[in-house]
Amino acid sequence: MSTAADPVLDLPFDVQPDPEEYLSAAMRWHFSPETGAPFWLDRADSLGFDPLTDIRSWDDLTRFPNLANELRFARVEDLIPRGYGDRPDVVGIYESGGTTGAPKRIVLMRDWLDKLLGWSSAQLDGHGVPLGANWLIVAPNGPHMVGDVIKQQTKYRGGLSFTVDLDPRWVKKLIGDGKAAEAGAYAEHIVDQVAFALETQDIGVLMCTPPVLERIARRDDLAKLVNEKVRAINWVGTQMDPDTRHLYRTEVFPDAVLYSGYGSTMILGNASERHGLTDDDPCIYDPYSPYMSFGVVDPKTGGTVEYGARGQVVMHHVSKSLLMPNNLERDYGTRLPGLPGQIGDSVADIAPVQEFDNETVIEGVY
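Going by the working numbering, the sequence shown runs without a break in its numbering and finishes at 367.
Bear in mind the hints are in silico, worked out from the structure with no lab data behind them.
Zero decoy hints are in this set.
DSSO-like mimics (lysine-lysine), calculated; alpha carbons at most 30 Å apart, straight line:
id, residue 1, residue 2
1, K152, K230
2, K301, K174
3, K225, K156
4, K156, K230
5, K152, K225
6, K174, K152
Per label pair, the in silico range of CB-to-CB distance:
id, residue 1, residue 2, range
7, H276, P8, 25 to 35 Å
8, P13, G159, 16 to 26 Å
9, S47, E200, 53 to 63 Å
10, A181, P13, 43 to 53 Å
11, D87, D281, 51 to 61 Å
12, P13, E252, 37 to 47 Å
13, D166, A123, 23 to 33 Å
14, A196, D7, 46 to 56 Å
15, H276, G177, 33 to 43 Å
The model shown is predicted, which means the values in this text are computed figures rather than measured ones.
Beta carbons are placed, not taken as given, at the ideal position from N, Cα and C, and that holds for glycine.
Kindly generate the complete structure, drawing on both the sequences and the hints.
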């Protein structure tokens, strides 16, 4: 039987909690023996501070060590807060991309998924993405989170999902082994499947990565088909430079809404491209605050950079289902002020670091 949580932890997706009240409730939930996850309870004494009394502001989250690497080997049952009871509603166990070594594992709980879907759907509405449209999802599926969540999102919005599986680990391995031609052949194999789905089905939204979208754009007949059928293109994963983004929006796919998300398995979701950006604006991402929040730091000093400066992105996730603060991501971004009432920063012009955890970062197709 589950243990009751503070009501502020269970608010509907569109109700903004008081930030300090929410943070205090989250610390009580995650560090009380009756409700917290063994992962955090076992580490509480070694933190050097008491989260129940010393985490008073969102800036205090930086006091936590970055424990994301421990998710590579942690027992997943130990990641589930005890407050969910003996039969927790787990949607799935998902893994990071494995770009920088063994993948990290995370647990997706039903209550968080429901909240995330509501928020994400509202973001799609703001971009003008049609309801009731069928999606063609060209993205990693299990063990990765993104494909499964977007299928749930499509159902939430009244459409049907068509999928093309994408294995980023295999492509990165091929590139790392110097087999660029084989990696290219695999990418063309992906695009062939995209073409068949677009030719035979009613597809209103296309979700894919920039490398896949680039290959679609190279095929005139396929680009024409996208313009005829697709009303929105959601690009995710690897970076897209501003010039390419401008070209797609104004010339290559002018009739479709082109927008993106910036996410990570370690924050159980994604930030949304800010509504109302012009074709000349940088691509700015705003997180689902306060559950997700960003910082941007100098990778050498760890200090926060000035607004408008570039640095390495730090992500925090604080929800009933997961506490994962102070996670240094493998991306550089430009630090920008958040929206009114938002916790932390927004980020723009995301690009990968060259090395992370002493491993060379290879992007490939995702």
